[in-house]
Amino acid sequence: MAYEKILEALIISLNVSIFSTLISLLVSLPLGAIIAIKTFYGRSILIACIHALTSIPPVCAGLIVYLIISRSGPLGWTGLLYTPTAMIIAQSLIIIPIMSSLILKNIEQDFKNYKEELITYGASFYVITKLLLLNRYGLYKTIALIGFGRAISEYGAAAIVGGSIDHVTRNITSSIALETSKGNLDVAIGLGGMLILISFTISFIVNRKDSFK
Amino acid sequence: MKNIFKYIALCLIVLSSPILARDYLIIQSTTSTVSTGLLEYLGETFFKETGIEIRTVGVGTGQAIKNATRGDADILLVHSKKDEMKFVEEGLGIKRHDLMYNDFIIVGPKSDPAKIKNLKDLKSILKILSSGNFKFISRDDNSGTHKKEVSLWSKFNFNFEEKGWYIKTGSGMISTLNIASEMNAYTITDRATWITFKNKNFLEILFEGDENLFNPYGIIVLNPENYPHVELEKSNQFINWLLSTQGKNLIKNFKVSNNQLFFIYE
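Residue numbers (the numbering used here), protein chains in the order written: chain A, 1 to 213; chain B, 1 to 266.
The hints are simulated quantities; they were obtained by calculation from the structure and are not laboratory data.
All C-beta atoms in this analysis are idealised placements derived from N, C-alpha and C, irrespective of residue type, glycine included.
Where hints are given, some of them may not hold.
[Stated by the list, open to error] List of simulated lysine-lysine pairs, DSSO-like, C-alpha gap at most 27 Å: (1) B/LYS115 with B/LYS155; (2) B/LYS147 with B/LYS117; (3) B/LYS198 with B/LYS86; (4) B/LYS147 with B/LYS234; (5) A/LYS5 with B/LYS48; (6) B/LYS95 with B/LYS127; (7) B/LYS252 with B/LYS110; (8) B/LYS148 with A/LYS5; (9) B/LYS255 with B/LYS110; (10) A/LYS38 with A/LYS112; (11) B/LYS198 with A/LYS5; (12) B/LYS81 with B/LYS234; (13) A/LYS5 with B/LYS255; (14) A/LYS5 with B/LYS252; (15) A/LYS130 with A/LYS112.
[Claimed, not checked] Far from chain B by the CB rule (all over 12 Å, computed), these chain A residues: (16) ILE11; (17) ILE119; (18) GLY138; (19) ILE196.
[Said to hold, decoys possible] If we take Cβ atoms under 10 Å as the criterion, some of the chain B residues that face chain A in the derived model are: (20) GLY71; (21) ALA73; (22) PRO109; (23) THR196; (24) HIS229; (25) VAL256; (26) SER257; (27) ASN258.
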């Protein structure tokens, strides 16, 4: 029983967080690159906003998504509340700013270094973006891992929009909260250990790479 | 540029899958029916028979009603009859059905510093507890249990929410029982949660059986006139199934450590 619960929570968490990481990466890569390379009106404000959003508290991200996709909200017709998709959206909202700001910083730096060469060769915006993104391919794996680590360990956002429904949206963090309050400490400890293991492994890989030199 | 469209298409496919078909019902219910495992057990049996999945959100009664009012449910299963009747009168729900009942009990430290264990009268117990010499834990989350507790204080005109003896947790029943246990305090709980509660080392039942402590659960399907997304046919199917002899027997036979948790109207 305990084993099944742990396994199920783990699968739900991995499923949701992998998807939110992929989606966030797909959004952050073009977003970060465009902001880093293009010059446009209000750019510095936008950059400041993205950096500020990196510290959005998960519960607040959850609340915002909840208000939007609840049946009384603007996207209520989608019926997304209490589904894994809702959790993916909420987690993406948390990690997109983090990933974009990291990508933005790095590409901005690279663009400064290679700007003259690239422009001399007459590279178009599209080619510049492509070259700069491919140039630091390894970096994006690290950034994805950072986002994933943040997504899988957050508590609040996924719990609010997922509703902690058994077999559907009860992920590791909401299971830990629930089982601890129920006094099922064996399940809570098992899940907690697993989550710590995942986060530590990610931290270890990220730091070992020394990608930010 | 093409890649960006691919990204967007992929995102849309992932996001749209749950919108297309819905073969599940969302029930907004209380912590007592969820944390005891009752709805999981009923839901699994119902799923085997009909293929309709029951997804339960377990929150306090007050929040469950609010969530349902926002439309985030097909069915509401809570225990605060006055609020349920209001919900139906406002046209938000179709009809309230009596589903089952149990009762509230007053629990406290085994050492019983307030010496209420041998008292037979609810009023005198509340009077002693409200004297301010003993800690009382309130859930303070607008749940059915919290509403019941507040109604008891006001019914006998005792002043609560005063000074240090009245402690508000703002959390679920089991957390509140844990806190009562840690703080050597008194609290009120529904019997079902008490029976499933595992950490009973320091707490015991000190008062039970008063008619004021009756705890009826009602079930309501949301009104499709206000909430067009409600799966009316499937919801009715579930409610009729619960109210049938089969459903009633399942509720009656739902036991935790050999104790029946919920009772049905014969």
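Do the hints match the structure? See the list:
1. B/LYS115 with B/LYS155: holds (22 Å)
2. B/LYS147 with B/LYS117: holds (24 Å)
3. B/LYS198 with B/LYS86: violated (35 Å)
4. B/LYS147 with B/LYS234: It is violated: about 31 Å lies between the C-alpha atoms, which goes past 27 Å.
5. A/LYS5 with B/LYS48: Roughly 20 Å separates the two Cα atoms, so the pair holds.
6. B/LYS95 with B/LYS127: The given pair, whose Cα atoms are some 38 Å apart, is violated under the 27 Å limit.
7. B/LYS252 with B/LYS110: At roughly 30 Å apart (the allowed maximum being 27 Å), B/LYS110 and B/LYS252 break the hint.
8. B/LYS148 with A/LYS5: Answer violated: B/LYS148 to A/LYS5 is near 33 Å, above 27 Å.
9. B/LYS255 with B/LYS110: Answer holds: B/LYS255 to B/LYS110 is near 25 Å, not above 27 Å.
10. A/LYS38 with A/LYS112: holds (12 Å)
11. B/LYS198 with A/LYS5: The hint holds at about 18 Å.
12. B/LYS81 with B/LYS234: Holds: B/LYS81 and B/LYS234 sit about 24 Å apart, inside 27 Å.
13. A/LYS5 with B/LYS255: With Cα atoms ~21 Å apart, A/LYS5 and B/LYS255 stay inside 27 Å; holds.
14. A/LYS5 with B/LYS252: holds (26 Å)
15. A/LYS130 with A/LYS112: OK: A/LYS130 and A/LYS112 at ~16 Å, within 27 Å.
16. ILE11: With a cut-off of 12 Å, A/ILE11 remains clear of chain B, as the shortest Cβ separation is near 17 Å.
17. ILE119: Check passes; 20 Å lies beyond 12 Å.
18. GLY138: The claim stands: A/GLY138 keeps its Cβ more than 12 Å from every Cβ of chain B (closest is about 20 Å).
19. ILE196: It holds; A/ILE196 is separated from chain B by about 23 Å at its closest Cβ, greater than 12 Å.
20. GLY71: holds (3 Å)
21. ALA73: holds (9 Å)
22. PRO109: This interface hint is violated because 17 Å lies over the 10 Å limit.
23. THR196: holds (8 Å)
24. HIS229: holds (6 Å)
25. VAL256: violated (12 Å)
26. SER257: Violated, because the Cβ-Cβ distance from B/SER257 to chain A comes to roughly 14 Å (cut-off 10 Å).
27. ASN258: Violated. Min distance 18 Å.
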